[in-house]
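There are 2 protein chains.
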Amino acid sequence: MNVLVIGANGQIGRIVVDKLKESEHEPIAMVRKEAQAEAFQNKDVKTVLGDLEKDFSHAFEGVDAVVFTAGSGAHTGADKTILIDQEGAMESIDLAEKHGVEHFVMVSGMGVENPRAVEGKMRPYLHAKHRADQYLEQSGVPYTILRPGRLTDDAGKGAVNFYEYQGDVEYGEVPREDVASVLMEIINTKAENKLYPLIGGDTPVTQIL
Amino acid sequence: MNVLVIGANGQIGRIVVDKLKESEHEPIAMVRKEAQAEAFQNKDVKTVLGDLEKDFSHAFEGVDAVVFTAGSGAHTGADKTILIDQEGAMESIDLAEKHGVEHFVMVSGMGVENPRAVEGKMRPYLHAKHRADQYLEQSGVPYTILRPGRLTDDAGKGAVNFYEYQGDVEYGEVPREDVASVLMEIINTKAENKLYPLIGGDTPVTQIL
Numbered sequence: 001m002n003v004l005v006i007g008a009n010g011q012i013g014r015i016v017v018d019k020l021k022e023s024e025h026e027p028i029a030m031v032r033k034e035a036q037a038e039a040f041q042n043k044d045v046k047t048v049l050g051d052l053e054k055d056f057s058h059a060f061e062g063v064d065a066v067v068f069t070a071g072s073g074a075h076t077g078a079d080k081t082i083l084i085d086q087e088g089a090m091e092s093i094d095l096a097e098k099h100g101v102e103h104f105v106m107v108s109g110m111g112v113e114n115p116r117a118v119e120g121k122m123r124p125y126l127h128a129k130h131r132a133d134q135y136l137e138q139s140g141v142p143y144t145i146l147r148p149g150r151l152t153d154d155a156g157k158g159a160v161n162f163y164e165y166q167g168d169v170e171y172g173e174v175p176r177e178d179v180a181s182v183l184m185e186i187i188n189t190k191a192e193n194k195l196y197p198l199i200g201g202d203t204p205v206t207q208i209l
Numbered sequence: 001m002n003v004l005v006i007g008a009n010g011q012i013g014r015i016v017v018d019k020l021k022e023s024e025h026e027p028i029a030m031v032r033k034e035a036q037a038e039a040f041q042n043k044d045v046k047t048v049l050g051d052l053e054k055d056f057s058h059a060f061e062g063v064d065a066v067v068f069t070a071g072s073g074a075h076t077g078a079d080k081t082i083l084i085d086q087e088g089a090m091e092s093i094d095l096a097e098k099h100g101v102e103h104f105v106m107v108s109g110m111g112v113e114n115p116r117a118v119e120g121k122m123r124p125y126l127h128a129k130h131r132a133d134q135y136l137e138q139s140g141v142p143y144t145i146l147r148p149g150r151l152t153d154d155a156g157k158g159a160v161n162f163y164e165y166q167g168d169v170e171y172g173e174v175p176r177e178d179v180a181s182v183l184m185e186i187i188n189t190k191a192e193n194k195l196y197p198l199i200g201g202d203t204p205v206t207q208i209l
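Chains as they are written, first to last, in the UniProt record's numbering: chain W, 1 to 209; chain U, 1 to 209.
Note that the list lumps identical chains together, so a pair holds whenever it fits in one copy or between two copies.
Below, in silico cross-link-like pairs of lysine to aspartate or glutamate (DMTMM-like), each with a Cα-Cα straight-line distance of 20 angstroms or less:
no., residue 1, residue 2
1, Lys21, Glu61
2, Lys19, Glu38
3, Lys121, Asp79
4, Lys194, Glu102
5, Lys54, Glu113
6, Lys190, Asp64
Note that these hints are calculated values from the structure, not bench results.
Make a model of the complete structure from these sequences and hints.
Here it is, written out as structure tokens:
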């Protein structure tokens, strides 16, 4: 499959692209700037320039699956939360629908299920991610939503706590590398329109699905 | 009808409450602070304290119609755009549905139909208002969405340019007082799940519906 990775230059994005490149799939790394593209091109990875705040419809040509792992990051204002985390995601979902994408994998986050439980500056972010997730659920695009806990840079354990969301969530942390491994398992599976919380745990990643 | 005015202390809100008080309807002014409530109580207007960022479900008891004219204003950040203009509106729609409200009248704005056409700091606001409008359209709550052009403090003319939205919009400005008069006409009519742009014009307000 041709897998468009939106947010390829992010911390999870880069690991996912590397894993896709080693697999039977063909990653297409969507990045905003030419300078970001070079590192991927040096590894013989296809790239496409696309800015979530502009028209990036060209990026979807020939794409079979999408991994959305873009984020405005912790150092920008809530304007970018709307423009990137919410609207960039929703526009990606619209484009996926138009182009008949078979699997849209959304990297969401824990806490997104209940933004009103949170006070302070995280809340607008949780609202934005929540609306994007809802939009995907209602879009008709086959999807998987992954909601990892607090991300760490620890080495991956290759084992996690992964389960279908039933209204309750266990909080915890999870290495980005394990998130990327879980994303690979998801991409290798048919979309079942499900939502999965994810934290560190003991189930081998190869056995989660 | 008992008409809950959300954003009663705003510029349009105050005029609408006054007009409702002179009509056969009973306005309930929802305001955030006790100090804001006094001015309404002095005019014998019912008030309810409610904060869109908190739990304001109590405000919907016995309510037949809602006018949503709250806004985070030009002097707050995009975090409030999410919390008030988007999420405050969406939560109001959810509560209206729960309480069987017969008519939800949303004060939206021109340009909301195409946020991506706009650059700069208005764009996050337009996105937020757009998502709230979409949410109302899909909610099942009987609604009217009003999209006035640029608001002025000119005296009302009692005449406007008001038409059902068909994909094209004529830009222009309109006095807040005329917006409030149009809202009264809308409240006096059964909800028909329609969306109307509004600018100044020559059609007497009494003849628009």
